[in-house]
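Q: Please build the complete structure, drawing on both the sequences and the hints.
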Amino acid sequence: MTTTAPAATRKPATMAQALTRALHDAMAADPTVHLMGEDVGTLGGVFRITDGLAKEFGEDRCSDTPLAEAGILGTAVGMAMYGLRPVVEMQFDAFAYPAFEQLISHVSRMRNRTHGAVPMPLTIRVPYGGGIGGVEHHSDSSEAYYLATPGLQVVTPATVADAYGLLRAAIASDDPVVFLEPKRLYWSKDDWSPDAPTPVAPIGRAEIRRRGESATLITYGPSLPVCLEAAEAARAEGWDLEVLDLRSLMPFDDEAVCASVRRTGRAVVVHESPGFGGPGGEIAARITERCFHHLEAPVLRVAGFDIPYPPPMLERHHLPGVDRILDTVARLQWESGWTEGRGA
Amino acid sequence: MTTTAPAATRKPATMAQALTRALHDAMAADPTVHLMGEDVGTLGGVFRITDGLAKEFGEDRCSDTPLAEAGILGTAVGMAMYGLRPVVEMQFDAFAYPAFEQLISHVSRMRNRTHGAVPMPLTIRVPYGGGIGGVEHHSDSSEAYYLATPGLQVVTPATVADAYGLLRAAIASDDPVVFLEPKRLYWSKDDWSPDAPTPVAPIGRAEIRRRGESATLITYGPSLPVCLEAAEAARAEGWDLEVLDLRSLMPFDDEAVCASVRRTGRAVVVHESPGFGGPGGEIAARITERCFHHLEAPVLRVAGFDIPYPPPMLERHHLPGVDRILDTVARLQWESGWTEGRGA
Amino acid sequence: MTVLEQPGSSRNKSSLPGPPPDWRPRVDPAPLLPDAEPYRLLGTPAARGLDADLLKRLYAELVRGRRYNVQATALTRQGRLAVYPSSTGQEACQVAAALALEDRDWLFPSYRDTLAAVARGLDPVQALTLLRGDWHTGYDPHRHRIAPLCTPLATQLPHAVGLAHAARLKGDDVVALAMVGDGGTSEGDFHEALNFAAVWQAPAVFLVQNNGFAISVPLAKQSAAPSLAHKAVGYGMPGRLVDGNDAPALHEVLTEAVQRARRGGGPTLIEAITYRIEAHTNADDATRYRTDAEVEAWRAHDPIALLERELTARGLLTDEFAAATQDGAERLAADLRGRMNQDPALDPMDLFTHVFAEQTSQLRDQAAQLRAELDAEQTPAEEARP
Amino acid sequence: MTVLEQPGSSRNKSSLPGPPPDWRPRVDPAPLLPDAEPYRLLGTPAARGLDADLLKRLYAELVRGRRYNVQATALTRQGRLAVYPSSTGQEACQVAAALALEDRDWLFPSYRDTLAAVARGLDPVQALTLLRGDWHTGYDPHRHRIAPLCTPLATQLPHAVGLAHAARLKGDDVVALAMVGDGGTSEGDFHEALNFAAVWQAPAVFLVQNNGFAISVPLAKQSAAPSLAHKAVGYGMPGRLVDGNDAPALHEVLTEAVQRARRGGGPTLIEAITYRIEAHTNADDATRYRTDAEVEAWRAHDPIALLERELTARGLLTDEFAAATQDGAERLAADLRGRMNQDPALDPMDLFTHVFAEQTSQLRDQAAQLRAELDAEQTPAEEARP
Ligand SMILES: Cc1ncc(C[n+]2csc(CCOP(=O)(O)OP(=O)(O)O)c2C)c(N)n1
Ligand SMILES: Cc1ncc(C[n+]2csc(CCOP(=O)(O)OP(=O)(O)O)c2C)c(N)n1
Ligand SMILES: [Mg+2]
Ligand SMILES: [Mg+2]
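Chains A, B, C and D, in that order, are what the protein sequence lines are. If you use full-length UniProt numbering, the first sequence corresponds to residues 1 to 344, in order. If you use full-length UniProt numbering, the second sequence corresponds to residues 1 to 344, in order. If you use full-length UniProt numbering, the third sequence corresponds to residues 1 to 386, in order. If you use full-length UniProt numbering, the fourth sequence corresponds to residues 1 to 386, in order.
Some hints here could point you the wrong way.
To be verified - Okay, derived cross-link-like pairs now, DSS-like style, lysine-lysine, Cα gap no bigger than 27 Å in a straight line:
id	chain 1	residue 1	chain 2	residue 2
1	C	K170	B	K55
2	A	K55	D	K56
3	A	K55	A	K11
To be verified - Just the calculated beta-carbon pair ranges, DEER-fashion:
id	chain 1	residue 1	chain 2	residue 2	range
4	D	A283	B	A259	43 to 51 Å
5	A	A233	B	E335	26 to 34 Å
6	D	D335	C	R24	39 to 47 Å
7	A	G52	C	A293	20 to 28 Å
8	A	A259	B	G133	37 to 45 Å
9	D	A368	B	E335	20 to 28 Å
10	C	R77	A	G52	23 to 31 Å
11	B	R263	D	A283	52 to 60 Å
12	C	A293	D	R143	50 to 58 Å
13	B	E229	D	R143	49 to 57 Å
14	C	P31	D	P31	15 to 23 Å
I should point out that these hints are in silico values taken from the structure, not numbers from a laboratory. Owing to the predicted nature of the structure, the values given are computational and were not obtained by experimental measurement. Even glycine gets a Cβ: it sits at the ideal position worked out from N, Cα and C.
A: Next comes the structure, spelled out in structure tokens:
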């Protein structure tokens, strides 16, 4: 099914609403889908993403667990072994850390270690990132940890439609998916029809959100709106920036990324997570490996600083913003003539 | 003190012996140094690195803890708050995962969150990497997780002398150090004098282990001997490879790395940890950012595959070996003339 | 014919093999078990014997604490505080924890325990820095012997144990008191901390404030134990169950535990049964998971009212004392209000100052970048980008 | 004048405030407490009443198990097995765990429990694949209802709880039995698993093999609890303490717990007191941390010898039965030896086959690289690098 809803039925919806709808539809479609986590039942989650689901599907299918993240993920592993399709909610990014042992040593390896006999069709929903004025430990961007763990798929929506489509795809996947939900986009709105939802988005495909010729901004999740804004602002400087939304960090869409960068010849990777050891290094390195002769300048990065996430009153200085992106675009060696003699 | 022991007193020692000696000397020099971990007391650790220390310094200063890694690191945090200098042993790489919450949310941030009032002079010793025929969960290379955590220093010796010098420096550091010990080099030998040990190695300085002109192999820990071997083998192909041992992944010695790459114009990063999201991406990206105009070819990477660590009988196919390194060096575009016209 | 070279087939006289050679019950479990009912003093004849000064001190602190809670909640409505997890209804736990400690002891509070820190003497504005958002920890933990207010649940418990253990190794008679919620007892760190404490006989006291809920999750979905205090048995430490709204009872039980720890008697687990009268935080909607009737029932068991009844019965609640108490509370609130209404002075460059003792070259570069951006912000826009 | 609008100052008739409104002891702790002494049958009068066939079956399995342990250890010396954590001395636990389960039930073994898997019917070679090193899990867990042998301690316990819970949700009367060592009980995952199991009333049984040591660390440095079984109380499940070398006693206690779980009666924690006669693994040097005398004392309490005594007393250990038993054990050993002496057939390309259901383009590239390297290995060296 590739049809899109007729424009008439589309109306503004928030990313939170689209996520709730995705969970709802997945539960309705497949009785093995079980939600679990802290406060996901009666309360509907602290971000209200599971609102109403316990009521509709019963507490057994949307259940409040004891407060213990390793226990939540560890029991979900056992449930998956018995044929269920657990969808786990971690309440905040940093509170997934106690479950890392289960994630790294079991969730990510179970299929592999059992020679394919025990798949892990688990979805782990992690509200991530800052910009919401959260107190300490409520604003981390931890995608680097997930990316360094072979066997995990790492997916993050940046649009309302993707929130629905990618979450449906994550739940349908027979492999574990870390589904990163950008906290500060929960209340972002877009025209979208909950009655005829967009088709399930395939995992592993990047998407060009804005066409441009001068350079490519490569980003995902919470930084997409910032990049789009930067691209608009860049017009005043005479730059026509392309903006690429990765959507899936693993699998990584080398094809789409390289096609764009080969066309524009310049790239900046933008993310909120600290730069050192963050996803940007991997992305820049693989672009350079694959597109070296097409590059007019090194791939640059705009990332969070290499510091613990700051207190709310200082977070705006940490987060990649339009100015920092434009300053970086300005460093893409627009004036240099050195590429002329290239043989590639 | 910068004197080196007179050659006469130097005799073969293993990395394990140098580590034991470093712990011993640190304990003797500073009564606040306390070792703790599973089996570190009576047994001397499963790798015997703490052999004899409980006997010499008493069980209070080298103590067997209950079997709980979060508890070990978490209590070490409290001990550090009270003015001790704990040195924690994680028995194997993968068994540090249960302690990740403590590491990420507390150890790495304590100084920062308290505005400098509560430093964390903790050393976390982690035997890491494969190549020793270890069964499942005994051969991980987890450095990417540590690198993605702002506030941690990440250090790893590749030589007997560095094992001593860097461990002394780690223990002396007022900030937390993840001290990665390459398991398969524990029994590597070198001429070294335990009676007049080499000076304490400063953290954050890379070291050129082999001078060369054609290209730089950038590596650390268990892959250093492999790179040196590859460099020897490369002579037959007409390549004179430089080998750079990073020693410290954070702080990162941009200066030494860039100086070498600017000179050779080509670089390959070699490590055992999976490539995707691993340290190599960061390293390649920052070299490219800084040395773009000096690069004759993209910085390439030789890393472990993006798979869970294989069973012992298959590990040799996973680990970066001499052939794979040489194959990669061969891809550094030796024939291309395209760099001629460069303006840089 | 046997598979083992054992005198197995030629049987011994006694047909009873001994117990396993190394078996012995290592500790008698009986003294570790908590009482069947929560311990209380108020309303019992024993209350009559309590020291009048102590009761008055507790009362004054409770009233002050309640006023602090009310004021902090009001500040969230006025936008001067980002979020406040109120301890209204739990003031007896907060106050008793603070008063049970000597100056040299350490307090390890959870994110809900700002009042305990204030009752210990911490400046209320510094106690609220985390929740206002200008810095994570607004005070010097060493100066106040108060660890950072801890957001990740139960993760500060092992810190308390390690600190207590270190103090003991150094020969200092320092006790660490750590606070955690009922929900937090489910975390692995709770288990590991208590086990380490018992094995090390560390001078640590664990106070579980069982307020019946972890945000929306009621205790029955959190634990099936007879009580949370019963968890003590599994570690080999005594468990005590206390009415968490009975300030003198709490004070007595906590003081006993602290003294025992100080004497080298090892750790104690104390469960205080209480109730959170307000929502989880100002951002929470408690009507989603509990009834007004339940809240009302607990209001009738209010810690201040309980103590007030006793003070009145003993004629200790004179108009003068009540007025002075009220006055002190109002002064605290006015001071807090006034100072929280001022914007804190912030330096963005602080982001880089305390990541490491010595700044890395990487952080130096980033600091320079931010410095340049801040300077550019001062400059007219057209000049900013060259 | 009061700070609360409460009828506080006008006191009620009764001076006793009620208990906290929501307080009630939720479970009576008494029935959860383990006995003061390890439960045993062998050597007691009750042993006489035990079913002869059961005793003989247990005996045959113990003898077979011992032979398996001896053979596997021998294989490490011959270089056919990388490492072997022997369960010699713990065979009663291993065998009883296997026999207590129905076919549809699940076993969650730790890394030391290969024998339990073999006693359940798993091919001994498949059980040893992990330790030989040709693949992590050498069997299909679903086919045998045996979860992967688990190296990270205690981490498989939550899996067992989740599986048991899922089975119950599906309406299947399946029980999960999870095994863990004394050391493993200190891990946070132990705590979280038992708590989830009790809250969910999951049909799970936890068997702690307390063999006195976690590698070199003796129990006293691991736990200060009266017994490890006493940990059950803190979760609200029954705790049982058993002589872990008394196979019939273990079988009875385990079977009871499994049946109770199957009936919906919830989880049980069982501590079996036993001893590891061999070193931790063949790579360990046990003389560093324990005395020969201690080992000898436990040899005298050997599970096979204990049962043999009873069989002999009841005249059940006929020459014929003993010979058949011995014979079966030798056949197992010979088969194991023979098959382990063959090198396993390995395909390096398997490294990429099961990382994901659908291979990523990244892994496709890497697989192609390895394929090329393997092909080059076949080719003479000079041709290999172009
Ligand atoms: C490790 C961790 N997981 C989840 C959270 C999110 N969270 C904050 S408060 C809370 C409930 C805490 O309940 P309880 O321990 O009973 O303390 P109370 O709020 O009742 O004081 C949760 C789940 C957290 N802070 N830390
Ligand atoms: C999480 C974790 N930490 C550490 C280890 C290393 N290790 C392997 S066995 C062992 C001791 C286990 O003791 P116990 O639980 O009593 O089981 P036993 O070996 O006696 O059967 C240790 C520390 C591990 N496997 N997993
Ligand atoms: Mg609570
Ligand atoms: Mg043991």
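Q: If a hint holds in the structure, say so; if it does not, say that too.
A: A quick look at each hint next to the structure:
1. C:K170 / B:K55: holds (19 Å)
2. A:K55 / D:K56: violated (54 Å)
3. A:K55 / A:K11: Holds, at roughly 26 Å.
4. D:A283 / B:A259: 43 to 51 Å: holds (44 Å)
5. A:A233 / B:E335: 26 to 34 Å: At roughly 43 Å between Cβ atoms, B:E335 and A:A233 fall outside 26 to 34 Å, so the hint is violated.
6. D:D335 / C:R24: 39 to 47 Å: With a Cβ separation near 42 Å, D:D335 and C:R24 satisfy 39 to 47 Å, so the hint holds.
7. A:G52 / C:A293: 20 to 28 Å: Because 24 Å falls inside the window, the suggested range holds.
8. A:A259 / B:G133: 37 to 45 Å: About 43 Å separates the Cβ atoms of A:A259 and B:G133, which means 37 to 45 Å holds.
9. D:A368 / B:E335: 20 to 28 Å: holds (23 Å)
10. C:R77 / A:G52: 23 to 31 Å: Given range 23 to 31 Å: holds, Cβ gap about 28 Å.
11. B:R263 / D:A283: 52 to 60 Å: For B:R263 and D:A283 the Cβ distance comes to about 46 Å; the hint is violated.
12. C:A293 / D:R143: 50 to 58 Å: holds (54 Å)
13. B:E229 / D:R143: 49 to 57 Å: violated (44 Å)
14. C:P31 / D:P31: 15 to 23 Å: Hint holds: Cβ distance 20 Å, inside 15 to 23 Å.
Consistency note: the structure conflicts with the earlier hints numbered 2, 5, 11 and 13.
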